[in-house]
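Colleague: Each chain, letter by letter, is given below.
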Amino acid sequence: MDRVLLRDVALVCVADGVVGASFGAIAVSGGQAPWVPVAMSLLVFAGGAQFAALGVVLAGGSSIAAAIAGLVLNSRHLPFGFAVADVLGGRLPARLLGTHVMVDESVAFAIAQQDLPRRRAAFWTSGVLLFVAWNLGVLVGVVMGRLIGDPTALGLDAASPVVLLALVLPSLRDRATLRAAAAGAVIALVLTPILPPGVPVALALLGLLLVVRR
Amino acid sequence: MNLVAILALAGGTYAFRVAGPVLHGRIQLSDRVRRLLSVAAGVLLVALVATAALTAGHGFAGWARPAGVLVGGLLALRRLPFLVAVVGAVVTTAGLRLLGVH
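So the sequences go chain by chain: A and B.
Once you know that position 63 of the first sequence is 1233 in my numbering, the rest is easy, because the numbers rise by one and skip nothing.
Once you know that position 64 of the second sequence is 72 in my numbering, the rest is easy, because the numbers rise by one and skip nothing.
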């Protein structure tokens, strides 16, 4: 196991743990029963979708509307699943288990590696450790309740974009990927004011048309 | 949020995630499609970075967060260690907010 990789994963785990704690604290202080954020984190395990769903409920929306908001955000995992399918590889039980720890960070850690064994190690290490860190963080947040304020005061909202950016940078050295990604980012940004959260990011895939045509 | 909705969200999310891994090996993907899928993952991640850095809800996220992400991105681009990039971003954003820039 690569020591640099392990150090990077540990750093992301700490950051995600703190964000998880704020998720638990926000849910409980918003009037949700303690088991709600805990069950969501164990069963859904997708930070963005969890915050989106919780936001809908705390704003007075229905549980079903919250689930739909989360599902729209998580639709990006469909192409992610195909992109890292060979990384999960192996026997069916392993694939089914690995599927659950497929999150933005573990996908990004995997595709940042050069060869398959490294991709595999990066995916599993980051996925499993993030699962543990996220759920422990949520538990701490639920217990501490209001004590943990919002993570924005600590600047933690800047951490996750940088984590993903640093991980995706190597693949952007490929010209076609860079062009498609730049177009996709513009599409997502332009559509954000008018479409529900999650939809603009999914529509960024239209940037792929730049790659398909040639 | 009730249990049924949580289970629906969890089940739907798992369904999105599992399609690729389960179909892997059963359907033969051409090299072209495989390359497209790996580019697609990059495109989605970059779109996620852009929206997470610049937007909150339907509007602009304010200056502090994009400034921090920019600093972190530049540090990563200069091939500085991951830790330096992330800490640089967090410190920049938190510092700007402390100074009243939001």
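These are computed hints drawn from the structure, not numbers from a lab.
There could be a bad hint or two in this list.
Quick list of the computed label-pair ranges, beta carbon to beta carbon [to be verified]: (1) B:91 with A:1348: 30 to 40 Å; (2) B:110 with A:1231: 23 to 33 Å; (3) B:103 with A:1286: 15 to 25 Å; (4) A:1306 with B:35: 31 to 41 Å; (5) B:11 with A:1313: 42 to 52 Å.
Covered stretches of chain A, as calculated for chain B (at least 3 residues, CB under 8 Å) [as the list claims (entries may be wrong)]: (6) 1201-1214; (7) 1249-1261; (8) 1271-1278; (9) 1283-1294; (10) 1326-1339.
Since we're looking at a predicted model, the values are computed, not measured.
From the three backbone atoms N, C-alpha and C, an ideal C-beta is built for every residue, glycine too.
Colleague: Run the structure past the numbered hints and jot down the numbers of the failing ones, going up.
Modeller: 1, 3, 5, 9
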